[in-house]
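In order, the protein sequences belong to chains A and B. Under the working numbering, the first residue of the first sequence carries the number 368, and numbering increases by one thereafter. Under the working numbering, the first residue of the second sequence carries the number 368, and numbering increases by one thereafter.
Worth double-checking, as some hints may not be accurate.
Pairs involving identical chains hold if they fit within one copy or between any two copies, as the list cannot separate such chains.
List of simulated lysine-lysine pairs, DSS-like, C-alpha gap at most 30 Å [as the list claims (entries may be wrong)]: (1) LYS662 - LYS389; (2) LYS465 - LYS818; (3) LYS454 - LYS479; (4) LYS389 - LYS775; (5) LYS702 - LYS621; (6) LYS414 - LYS702; (7) LYS854 - LYS760; (8) LYS424 - LYS710; (9) LYS686 - LYS775; (10) LYS695 - LYS566; (11) LYS686 - LYS760; (12) LYS695 - LYS616; (13) LYS710 - LYS625; (14) LYS775 - LYS697; (15) LYS551 - LYS833; (16) LYS479 - LYS714; (17) LYS662 - LYS695; (18) LYS822 - LYS454; (19) LYS818 - LYS697.
If you are wondering where the hints come from, they were derived from the structure by calculation, not from laboratory data.
Protein chains: 2
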Amino acid sequence: MAKELTSREENYSQWYNDLVIKADLAENSAVRGSMVIKPYGFAIWEKMQSVLDGMFKDTGHQNAYFPLFIPKSFFSKEADHVEGFAKECAVVTHYRLKNSEDGGVVVDEDAKLEEELIVRPTSETIIWDTYRNWIQSYRDLPLLINQWANVVRWEMRTRLFLRTAEFLWQEGHTAHETKEEAIKETELILDVYGDFAEKWMGMPVLKGVKSAKERFAGAVETYCIEALMQDGKALQAGTSHFLGQNFAKAFDVKYVSKENKLEHVWATSWGVSTRLMGALVMAHSDDNGLVLPPKLAPIQVVIVPIYRKQEQLDAVTEKVDPIINALKAKGISVKFDDRDTYKPGFKFAEWELKGVPVRLAIGPRDLENGTVEVARRDTLEKEVLQMEDIEEKIAHLLEQIQENIFQKALNFRDENTFRVDSWEEFEAKIEQGGFVWAHWDGTDETEQIIKEKTKATIRLIPIDGKQEVGKCIYSGNVSEQRVVFAKAY
Amino acid sequence: MAKELTSREENYSQWYNDLVIKADLAENSAVRGSMVIKPYGFAIWEKMQSVLDGMFKDTGHQNAYFPLFIPKSFFSKEADHVEGFAKECAVVTHYRLKNSEDGGVVVDEDAKLEEELIVRPTSETIIWDTYRNWIQSYRDLPLLINQWANVVRWEMRTRLFLRTAEFLWQEGHTAHETKEEAIKETELILDVYGDFAEKWMGMPVLKGVKSAKERFAGAVETYCIEALMQDGKALQAGTSHFLGQNFAKAFDVKYVSKENKLEHVWATSWGVSTRLMGALVMAHSDDNGLVLPPKLAPIQVVIVPIYRKQEQLDAVTEKVDPIINALKAKGISVKFDDRDTYKPGFKFAEWELKGVPVRLAIGPRDLENGTVEVARRDTLEKEVLQMEDIEEKIAHLLEQIQENIFQKALNFRDENTFRVDSWEEFEAKIEQGGFVWAHWDGTDETEQIIKEKTKATIRLIPIDGKQEVGKCIYSGNVSEQRVVFAKAY
Chain A
368 MAKELTSREE
378 NYSQWYNDLV
388 IKADLAENSA
398 VRGSMVIKPY
408 GFAIWEKMQS
418 VLDGMFKDTG
428 HQNAYFPLFI
438 PKSFFSKEAD
448 HVEGFAKECA
458 VVTHYRLKNS
468 EDGGVVVDED
478 AKLEEELIVR
488 PTSETIIWDT
498 YRNWIQSYRD
508 LPLLINQWAN
518 VVRWEMRTRL
528 FLRTAEFLWQ
538 EGHTAHETKE
548 EAIKETELIL
558 DVYGDFAEKW
568 MGMPVLKGVK
578 SAKERFAGAV
588 ETYCIEALMQ
598 DGKALQAGTS
608 HFLGQNFAKA
618 FDVKYVSKEN
628 KLEHVWATSW
638 GVSTRLMGAL
648 VMAHSDDNGL
658 VLPPKLAPIQ
668 VVIVPIYRKQ
678 EQLDAVTEKV
688 DPIINALKAK
698 GISVKFDDRD
708 TYKPGFKFAE
718 WELKGVPVRL
728 AIGPRDLENG
738 TVEVARRDTL
748 EKEVLQMEDI
758 EEKIAHLLEQ
768 IQENIFQKAL
778 NFRDENTFRV
788 DSWEEFEAKI
798 EQGGFVWAHW
808 DGTDETEQII
818 KEKTKATIRL
828 IPIDGKQEVG
838 KCIYSGNVSE
848 QRVVFAKAY
Chain B
368 MAKELTSREE
378 NYSQWYNDLV
388 IKADLAENSA
398 VRGSMVIKPY
408 GFAIWEKMQS
418 VLDGMFKDTG
428 HQNAYFPLFI
438 PKSFFSKEAD
448 HVEGFAKECA
458 VVTHYRLKNS
468 EDGGVVVDED
478 AKLEEELIVR
488 PTSETIIWDT
498 YRNWIQSYRD
508 LPLLINQWAN
518 VVRWEMRTRL
528 FLRTAEFLWQ
538 EGHTAHETKE
548 EAIKETELIL
558 DVYGDFAEKW
568 MGMPVLKGVK
578 SAKERFAGAV
588 ETYCIEALMQ
598 DGKALQAGTS
608 HFLGQNFAKA
618 FDVKYVSKEN
628 KLEHVWATSW
638 GVSTRLMGAL
648 VMAHSDDNGL
658 VLPPKLAPIQ
668 VVIVPIYRKQ
678 EQLDAVTEKV
688 DPIINALKAK
698 GISVKFDDRD
708 TYKPGFKFAE
718 WELKGVPVRL
728 AIGPRDLENG
738 TVEVARRDTL
748 EKEVLQMEDI
758 EEKIAHLLEQ
768 IQENIFQKAL
778 NFRDENTFRV
788 DSWEEFEAKI
798 EQGGFVWAHW
808 DGTDETEQII
818 KEKTKATIRL
828 IPIDGKQEVG
838 KCIYSGNVSE
848 QRVVFAKAY
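Please model the complete structure; the sequences and the hints are all you need to start from.
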């Protein structure tokens with residue numbers, strides 16, 4: 368099974384596609400650009416959702432739900448938003464089908480909408496149109512709302528999880544009394560995203576702000592987290608936007624302040640999507656399949672019985688039952704794979720492909736010796752442990768794996784992070800792959816030329832970095848600090 | 368605040384709309400027929416989702432996600448489905464906007480889809496098209512999948528939660544080796560729905576099957592749960608369909624059986640939606656506002672401090688803190704409403720309107736006497752309790768309220784359930800409102816005439832009822848059992 372996977376070295380892109388499909392995470396659907404998220408993939412996404420949702424609630428946010436459709440005219444209301452936001456949207460023009468003569472259905476031309484509806488590519492416009500009625504006074508603020516939803520952006524080139532026409536995400540939309548409070552919210556969420564990426568996904572991220580060119584259409588400042596994939600390309604894993612008063616002005620959302628003045632509200636918006644699934648796959652997995660961080664693995668421990676005869680299976684099952692119960696009592700998810708339709712070798716390969724962090728194998732000889740074979744997915748190491756030690760050691764082992772996965776990804780990023788000061792070196796490192804810290808003169812023009820020449824974009828302007836002055840890698844003009852370049856997904 | 372609510376007697380329909388809006392559950396959006404579910408309403412829906420999701424998982428189901436869009440041609444594949452299913456659907460015809468000369472956006476006519484896409488009104492077609500690749504052998508069965516999703520049905524007359532163009536729901540789609548197994552699944556889910564309605568929503572339901580006329584388009588048998596609202600109208604709260612091999616045949620889904628034969632798969636589908644929110648509101652609430660069953664209330668206990676001076680608030684807060692912690696430790700959700708911008712009377716009315724099951728009020732005199740005033744939302748009764756008894760009594764009181772709400776709804780249903788044997792009596796009772804058990808000759812024609820004459824439909828043919836033979840209420844022809852008629856939402 369695992370053998371069929373293309374290796375990363377042979378073709379990284381093919382390896383990724385093979386893996387997503389063979390590990391039963393997702394597949395392409397009959398609808399161009401839309402994917403089906405399969406149960407195993409969805410179980411990982413559900414874990415992500417559950418953790419993020421808890422983090423949002425712990426920081427005072429509530430969930431709500433806004434319409435899928437947005438009247439076309441709403442997109443024209445915020446000038447930067449309409450100008451900068453991609454126009455590749457699904458447009459609903461009719462609201463009825465009718466039977467056709469050949470027994471099929473056709474669109475009923477009599478049922479044409481007066482104003483077309485756009486399937487939401489993001490919800491700022493419809494939400495700010497709604498907030499106008501929700502916000503009158505400072506007592507209504509802050510308004511801290513999130514929604515879990517599907518959105519559609521009509522992408523021409525799609526890749527499972529990384530870029531699909533329809534995807535799932537959460538989008539937070541908050542309203543505040545002051546600029547400072549809104550910026551604090553934007554940064555708070557950036558920290559939530561950073562913590563989630565590092566502590567749960569085991570994926571180290573850089574934090575910073577986007578250049579003007581890469582900013583969200585309608586934002587004053589876009590904060591982001593960026594991770595490095597194993598092929599040396601960057602992946603934007605989450606964005607948090609400070610929107611200033613742009614949407615409040617476009618949708619006329621004002622509040623009466625404590626000082627009894629009428630003021631426009633300050634706004635943020637922020638989101639992460641099923642793209643994180645792609646990041647998770649690419650950050651850790653290997654040529655044998657997925658490597659899942661224990662904290663997000665739907666199955667943390669799989670137990671494979673080794674047997675020929677039914678009596679042997681019965682004996683193993685008897686020994687394994689209390690182990691399963693003890694592990695479950697510790698909150699560890701365990702699967703006992705006693706399917707009699709597959710052989711142990713097949714099962715080993717399947718669970719390796721699916722990234723289950725720990726595999727236990729128990730056979731007749733183990734029963735005699737009171738032992739269990741324990742295999743780690745991250746290092747592929749095996750050891751034989753005494754059965755009575757299992758409970759205690761597994762919880763600890765899962766923590767070790769979580770930590771090791773993060774450390775490995777961090778080491779990889781360190782090895783592929785470069786500080787360069789000449790154009791030649793810049794071109795070489797960009798070509799090689801990795802995060803390239805270089806000076807930039809701060810102009811759109813230079814940024815554009817660099818992109819055209821090397822395909823590298825400014826991933827972010829670091830926010831906690833030292834403000835080291837230097838000369839722009841391309842123009843030689845003065846630069847106030849290094850920024851991070853990379854080729855990106 | 369509560370005063371502004373129209374009373375049920377004055378105008379039941381207006382009372383419902385007022386209540387949904389004033390209790391902050393939902394509101395109409397700028398998009399005709401689509402609602403915004405507000406945070407308080409969404410918190411109730413999230414509780415419902417979480418309980419149902421657990422029940423589905425406990426019975427072996429997994430979640431997945433299928434595309435929002437369905438190619439138009441898919442709807443033509445299953446003959447009954449296309450014939451019977453409403454054609455009011457949102458149709459996507461274009462995939463791009465472009466800037467217009469006036470600074471707005473227009474649909475780009477060059478970006479017309481070759482085949483129109485339908486925003487899913489339900490997902491049988493796209494899912495069975497997908498299952499064709501997932502199912503080869505009996506080893507792939509049963510396939511027990513659910514998805515939480517938004518769907519769109521272009522309704523002309525909409526009402527918040529009860530009938531909206533876009534709504535949220537779950538749809539289960541399962542595949543089985545045998546007819547018996549599929550029917551067992553359909554019945555299992557009907558029981559899950561029934562338990563959820565009765566034990567969590569506190570809403571008694573009848574269980575049965577639909578007449579052929581009322582069946583889901585493409586189903587062999589539609590099972591349902593039906594509840595009685597306070598105005599005497601019935602509300603279909605959930606359906607579970609046995610689909611036979613209809614979709615398997617339409618989408619060519621076959622499996623190799625243990626006997627090595629190629630067979631079509633047997634199917635079910637089942638769903639409940641945000642309509643349950645409407646049912647919850649209408650089943651229990653009164654002229655003062657919502658009455659929520661404790662098990663689904665986002666806030667189970669609200670504590671309102673009574674004070675004039677800051678020192679008094681401080682003293683109350685000091686006393687209340689350990690009570691809050693003790694209640695939270697028991698898993699009870701508590702809100703301490705110490706907003707200084709509102710007076711106690713306003714707060715009392717607000718939490719009454721929002722249906723919080725238990726309200727505690729504590730003022731300076733209570734501190735002196737070591738007492739707390741406890742008010743129950745369901746009966747509006749108040750009593751003064753000793754502070755040291757609070758912890759113990761609240762958990763018990765919440766259980767009592769849950770039970771009382773169910774019992775009250777059950778009594779109401781009993782009082783409004785009639786067995787009638789003459790047409791005159793039938794017309795009178797239907798006009799009065801309630802569940803009317805009457806004999807029916809089993810023909811579509813009689814069913815249609817009764818509907819035209821009285822607006823009553825057959826809500827269900829009971830499945831556990833006694834098979835009492837009699838004469839049809841309308842035609843006088845022989846009837847094998849009584850069926851349940853009512854006017855319905």
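The hints, checked one at a time:
1. Proximity of LYS662 and LYS389 under a CA criterion of 30 Å is satisfied intra-copy only: 22 Å inside one chain copy versus 41 Å between copies.
2. Proximity of LYS465 to LYS818 under the C-alpha cut-off of 30 Å is restricted to the inter-copy arrangement: shortest distance 26 Å between copies versus 50 Å within a copy.
3. Taking the shortest Cα distances, LYS454 and LYS479 sit within 30 Å of each other both inside one copy (21 Å) and across copies (14 Å).
4. For a Cα distance limit of 30 Å, the shortest separation of LYS389 from LYS775 inside one copy, 24 Å, qualifies, whereas the shortest one across copies, 54 Å, does not.
5. Proximity of LYS702 and LYS621 under a CA criterion of 30 Å is satisfied inter-copy only: 29 Å between copies versus 55 Å inside one chain copy.
6. For a Cα distance limit of 30 Å, the shortest separation of LYS414 from LYS702 qualifies both inside one copy, at 17 Å, and across copies, at 28 Å.
7. In this assembly of identical chains, the alpha carbons of LYS854 and LYS760 never lie at most 30 Å apart, being 42 Å within a copy and 63 Å across copies at closest.
8. With identical chains, the CA atoms of LYS424 and LYS710 are at most 30 Å apart between copies only, with a shortest distance of 27 Å across copies and 45 Å within one.
9. Taking CA atoms no more than 30 Å apart as the test, LYS686 paired with LYS775 passes in neither setting, with 35 Å inside one copy and 51 Å between copies.
10. In this homomeric assembly, LYS695 and LYS566 come within 30 Å of each other (Cα to Cα) both inside a single copy, at 22 Å, and across copies, at 27 Å.
11. Within a single copy, LYS686 and LYS760 get their C-alpha atoms as close as 17 Å, which meets the 30 Å cut-off; across copies the closest is 45 Å, which misses it.
12. Neither within a single protomer nor between protomers do LYS695 and LYS616 lie at most 30 Å apart by alpha-carbon distance, with minima of 53 Å and 42 Å respectively.
13. Only between protomers do LYS710 and LYS625 lie at most 30 Å apart by alpha-carbon distance; the minimum there is 18 Å, versus 71 Å within a single protomer.
14. Taking the shortest Cα distances, LYS775 and LYS697 sit within 30 Å of each other inside one copy (27 Å), while across copies they are farther apart (42 Å).
15. When the C-alpha separation of LYS551 and LYS833 is checked against a cutoff of 30 Å, the pair qualifies only within one copy, where the shortest distance is 21 Å, while the shortest distance between copies is 66 Å.
16. Taking the closest pair of Cα atoms, LYS479 and LYS714 never come within 30 Å of each other, the shortest separation being 54 Å inside a single copy and 47 Å across copies.
17. Taking CA atoms no more than 30 Å apart as the test, LYS662 paired with LYS695 passes in both settings, with 14 Å inside one copy and 26 Å between copies.
18. For the identical chains of this complex, LYS822 and LYS454 are intra-copy neighbours only, at 23 Å inside a copy versus 48 Å across copies, given an alpha-carbon limit of 30 Å.
19. For a Cα distance limit of 30 Å, the shortest separation of LYS818 from LYS697 qualifies neither inside one copy, at 51 Å, nor across copies, at 58 Å.
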